[in-house]
Structure formats: structure tokens, C-alpha cells
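Enquirer: Please take these sequences and the hints and turn them into a complete structure.
From first to last, the protein sequence lines stand for chains S and U. First residue of the first sequence: 1, per my numbering; consecutive thereafter. First residue of the second sequence: 1, per my numbering; consecutive thereafter.
One thing to keep in mind: the hints can contain errors.
Taking lysine to aspartate or glutamate and the EDC-like style, the derived pairs with C-alpha atoms no more than 20 Å apart in a straight line are [what the hints assert, rightly or not]:
#1 Lys131(U) with Asp145(U)
#2 Lys68(U) with Asp94(S)
#3 Lys68(U) with Glu33(S)
#4 Lys108(S) with Asp62(S)
#5 Lys41(S) with Asp94(U)
#6 Lys68(U) with Asp49(S)
#7 Lys77(S) with Asp97(S)
#8 Lys68(U) with Glu27(S)
#9 Lys41(S) with Glu79(U)
#10 Lys179(S) with Glu134(S)
#11 Lys131(U) with Glu120(U)
#12 Lys41(S) with Glu95(U)
Think of the hints as simulated: they come from the structure by calculation, not from any bench.
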Amino acid sequence: MKPRVFDLLLLLAILIGGALAWRSARERARLWESYDRLSRKVGDLAVADPSRVYLQAMKTDDPMSFAWRIYTPPGYKQLLKSNSGGTMSGWSSDARDFIFRVRFREDKDGPIQVYTQFQGGSSRMSLGDKALAEIVRGRWDRLRVEQLGAGGLVTLDADRPTALLKLTMPDDMQSEARKTLPPYDREKHVPTFFEIGLDPEKKSKP
Amino acid sequence: MTGPDGSDETVSDTSDTTTGPSATESALLRTSRGRWQVGLRTLFLLVIACAVWITHFNDRRDIATLEKRIATLHPLARELEVADPSRIAVVKMDELWYDENKWELYLPPGRYRVCLATREVDNHGFAPVVKSAAIGAGRHRLALDETEVDPGSRVVVTSDGAELLAVDEPRGWDDHSGSTGGGEHSISTQFPADGPVVLFRRRFSKKTPEGNGGYTSSTPNGPTEGILLWIEPEAGPKAGP
Numbered sequence: 001m002k003p004r005v006f007d008l009l010l011l012l013a014i015l016i017g018g019a020l021a022w023r024s025a026r027e028r029a030r031l032w033e034s035y036d037r038l039s040r041k042v043g044d045l046a047v048a049d050p051s052r053v054y055l056q057a058m059k060t061d062d063p064m065s066f067a068w069r070i071y072t073p074p075g076y077k078q079l080l081k082s083n084s085g086g087t088m089s090g091w092s093s094d095a096r097d098f099i100f101r102v103r104f105r106e107d108k109d110g111p112i113q114v115y116t117q118f119q120g121g122s123s124r125m126s127l128g129d130k131a132l133a134e135i136v137r138g139r140w141d142r143l144r145v146e147q148l149g150a151g152g153l154v155t156l157d158a159d160r161p162t163a164l165l166k167l168t169m170p171d172d173m174q175s176e177a178r179k180t181l182p183p184y185d186r187e188k189h190v191p192t193f194f195e196i197g198l199d200p201e202k203k204s205k206p
Numbered sequence: 001m002t003g004p005d006g007s008d009e010t011v012s013d014t015s016d017t018t019t020g021p022s023a024t025e026s027a028l029l030r031t032s033r034g035r036w037q038v039g040l041r042t043l044f045l046l047v048i049a050c051a052v053w054i055t056h057f058n059d060r061r062d063i064a065t066l067e068k069r070i071a072t073l074h075p076l077a078r079e080l081e082v083a084d085p086s087r088i089a090v091v092k093m094d095e096l097w098y099d100e101n102k103w104e105l106y107l108p109p110g111r112y113r114v115c116l117a118t119r120e121v122d123n124h125g126f127a128p129v130v131k132s133a134a135i136g137a138g139r140h141r142l143a144l145d146e147t148e149v150d151p152g153s154r155v156v157v158t159s160d161g162a163e164l165l166a167v168d169e170p171r172g173w174d175d176h177s178g179s180t181g182g183g184e185h186s187i188s189t190q191f192p193a194d195g196p197v198v199l200f201r202r203r204f205s206k207k208t209p210e211g212n213g214g215y216t217s218s219t220p221n222g223p224t225e226g227i228l229l230w231i232e233p234e235a236g237p238k239a240g241p
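Expert: So, in C-alpha cells, the structure goes:
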């Protein structure tokens with residue numbers, strides 16, 4: 001009689017467990033579908049060590065637009081610096097997961113505009129003067145692009161300065177720029193047309 | 001007894017002691033099986049029970065991980081979520097350019113209007129409507145843009161790429177000395193269909209001359225020039241924010 005009771009209990013456990021497993025499998029499938037859609041849209045970072053910086057480039061299909069998914073650890077003090085002199089600083093006591101964007105836009109009769117969006121803040125600035133805009137107009141795809149994280153996930157020490165994006169003029173464009181640009185723009189934008197990177201503040205030692 | 005082929009057939013008695021174990025033997029077998037020994041059926045049920053419960057616990061673990069990842073990705077993706085089709089849903093899209101203001105919007109069945117105010121904009125509540133336009137139920141993509149035109153500013157609201165509202169303001173309306181506020185709903189949110197939903201509230205700062213020839217800039221405490229964009233049912237809002 002005892003084995004029969006035990007079998008009935010097992011059968012009950014199977015029925016309850018089966019119902020729960022069916023429900024949780026459905027929930028898991030629904031969440032996986034959402035996760036898959038969202039991660040294909042904005043990417044996902046596998047953060048193994050929450051005290052480090054993680055980043056990965058995102059595809060934009062636009063030679064004038066660049067984006068990254070970035071994770072910064074708690075207490076990260078960032079300073080975003082570009083070769084045009086622009087800076088953006090920020091600090092967050094919490095870990096942050098965000099999209100960093102750099103976009104260029106050609107004004108019809110003016111200098112190139114650069115838009116940067118980093119950790120909730122954004123800025124727009126002019127790059128060089130009109131002569132610089134004429135050098136690259138319609139030739140953005142000829143600039144040599146070095147984008148950190150383009151090959152996959154990159155992990156950095158939180159206090160390490162890092163170049164995120166470097167756009168360099170090809171040789172013939174450099175020659176043209178040296179002939180036509182005023183000295184200030186020549187010094188700032190030839191051969192490196194644009195460069196932006198992280199320069200985090202080092203934590204002060206107690 | 002006659003079999004199917006007509007031959008005689010002998011039916012054996014299952015209670016025949018010569019073919020099954022005797023009562024004594026059965027007792028001996030039970031004893032020799034041991035206290036924890038189980039039958040094949042029990043073992044089979046045990047395996048199935050373990051399988052379903054392990055599956056369930058593994059799924060619960062995966063669900064917890066997925067929920068955590070989705071919570072991180074969701075604000076970044078800026079997707080419009082319509083959990084309740086009887087309520088308005090809105091999300092501000094990611095800014096791909098400086099001060100770009102675009103929203104994905106869902107309006108449940110009903111009649112609505114998009115309202116734009118450019119004066120007497122306060123920190124809360126509404127302002128006198130300068131222009132408004134009807135907008136139908138369903139999904140829309142709204143955009144707000146302020147551009148400098150000679151001799152002032154032009155505020156344009158588009159719906160699904162087509163101009164819906166445009167207001168021209170004279171020079172001095174926005175002296176570009178700063179502002180407070182901006183686009184709202186960076187995370188998809190739902191609202192009652194019978195109330196207003198503010199999409200954008202910006203209040204311009206004003207320059208105050210200083211004795212040394214310079215000026216300071218600050219946003220006035222009360223109603224001032226700015227931009228207020230909202231959606232409300234055509235009958236008018238039931239309650240203000």
C-alpha cells in the first residue's frame with residue numbers, strides 16, 4: 001500500500017511541476033523574444049566585472065554617424081574630450097548603461113556641426129570653418145575610421161584614458177587640406193580630422 | 001475448451017502454486033528487496049518529477065536574468081508599449097541630434113487634438129492655446145521643431161512627417177539666453193484617454209542687464225514665453241497635470 005501512496009504523490013508532483021514548468025516556459029519564451037528584439041536594436045553588454053568600463057560599437061549604416069553601448073561603473077567621473085577643444089564632464093554614483101553618439105552634419109553654407117550625446121547630456125559644436133567643411137563634403141566615406149569596440153566588446157580599466165573615435169584624412173585629402181585650410185584648422189584637423197575619447201579623472205588616493 | 005483453430009486448449013490457473021511464488025517466497029522476496037528499494041514504475045515517476053521541477057527552476061532562473069537585462073535595455077530602446085489599448089501611450093524617441101524632439105504615440109479610439117502654446121507657460125498646468133489641430137486615433141509619430149527665421153522664430157509640429165501646426169513668433173520671443181524643461185516621457189508610459197498628456201514644456205530664460213554692461217540670465221518664476229505641447233480629447237481635458 002505504501003509504494004502506491006508514494007507513486008500517487010509523485011504523480012501529483014509531476015502534475016503540479018508540469019503545470020508550473022509549462023507556465024514558466026511560456027513566460028521565458030515571451031521574455032526571450034523581448035530580450036532578443038531589444039538587444040538587436042541597442043545591443044547588450046555582458047558585464048562580468050562591474051568595476052570596469054565596457055563598450056561596444058553599434059552599427060549605424062551612416063558614415064557620418066557613430067554609436068556605442070557603454071557601461072560605466074559606480075562613481076565613474078568621465079571627461080569626454082575632442083581634438084576640436086570640446087569637453088563634456090559628468091559623474092554618477094550609480095553604474096550607468098547608455099548609448100553614446102557622435103554625429104556630423106554638413107550645413108549648406110557653414111561649418112560642420114558635431115553632435116555628441118553622452119550619459120544623459122548632449123552638445124552641439126562647430127568643427128573648423130567653412131573651408132574644412134568643403135574638404136570633406138561628400139567624401140565622408142574616404143576618411144579612415146578607427147572606432148573602439150567596432151570589433152566587439154571592449155573592457156577598460158575605469159581610470160584609463162581611451163580614444164573612442166578617430167577619423168583620419170587620406171593622403172590626397174591631407175595635401176589638399178594643407179593647401180587650403182587656415183593655420184589653426186590645419187593644426188587641429190590635419191591629418192586627424194576628428195578625435196574624441198574618454199579621459200576619466202583618476203581617483204585620489206586617501 | 002476449444003481454441004480458434006478448433007483444437008483443445010488448456011487454460012492455466014494463475015493461482016496455481018506451481019507457476020507463481022508461494023506466500024512464503026513472496027514474503028522472502030519482499031524482505032530481500034530492502035527498505036529503500038522501489039519498483040520500476042516509482043523510479044519512472046521519480047525521474048519525470050525531477051525533470052519537470054528542474055525545468056521549472058531553470059526557467060525561473062532564466063526569467064530572473066532576462067527580466068534584469070530587459071530592464072536595462074528597455075529605456076535605451078525607447079519602444080512604445082501599449083499594454084492597455086484603452087489608454088494613451090507615449091514615448092519620446094532617442095535624440096539623434098541636438099534638441100531633437102520626436103514622440104511615438106498611441107491614441108485609443110476617440111477624437112483628440114494637438115495643442116500648442118507659446119506664451120504664459122508655467123512650470124505646471126496649461127497655457128492659452130495658440131494653435132491646435134485634430135489628430136485621429138491610432139499610432140502616430142509627432143515631432144516638434146523650433147527654427148530661427150527672419151525676423152524671429154518658427155515652431156512647427158509634424159505628425160507622421162506632415163505639418164500639423166506652425167506658429168511664427170517675433171524676434172525677442174526667444175532671446176536664446178537659455179531655457180528650462182524640454183521633452184517628456186523618455187520611458188514608454190500610458191495615460192487615461194480622457195485626460196491631457198503634456199509632451200513638451202520649455203520655459204525661456206530672460207536677460208537682465210547688469211550695471212557693468214553685461215547681463216544675467218534666469219527663468220522667471222511665473223508664466224513666461226516658451227513652448228508647451230500637449231494632446232487632449234476634443235471635448236477638452238478632464239484634469240490638468
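Enquirer: Against each hint, give a clear statement of whether it holds in the structure.
Expert: Hints, one by one, checked against the model:
1. Lys131(U) with Asp145(U): Answer holds: Lys131(U) to Asp145(U) is near 15 Å, not above 20 Å.
2. Lys68(U) with Asp94(S): With a Cα-Cα distance of about 16 Å, the restraint between Lys68(U) and Asp94(S) holds, given a limit of 20 Å.
3. Lys68(U) with Glu33(S): Cα-Cα ~14 Å, so holds.
4. Lys108(S) with Asp62(S): Distance of about 19 Å is within 20 Å: holds.
5. Lys41(S) with Asp94(U): Holds. Lys41(S) to Asp94(U) sits at ~12 Å (cutoff 20 Å).
6. Lys68(U) with Asp49(S): Roughly 16 Å between the alpha carbons, so the hint for Lys68(U) and Asp49(S) holds.
7. Lys77(S) with Asp97(S): Judged against 20 Å, a Cα distance of about 14 Å means the pair holds.
8. Lys68(U) with Glu27(S): 14 Å, holds
9. Lys41(S) with Glu79(U): Roughly 10 Å between the alpha carbons, so the hint for Lys41(S) and Glu79(U) holds.
10. Lys179(S) with Glu134(S): 13 Å, holds
11. Lys131(U) with Glu120(U): 14 Å, holds
12. Lys41(S) with Glu95(U): It holds: about 15 Å lies between the C-alpha atoms, which stays within 20 Å.
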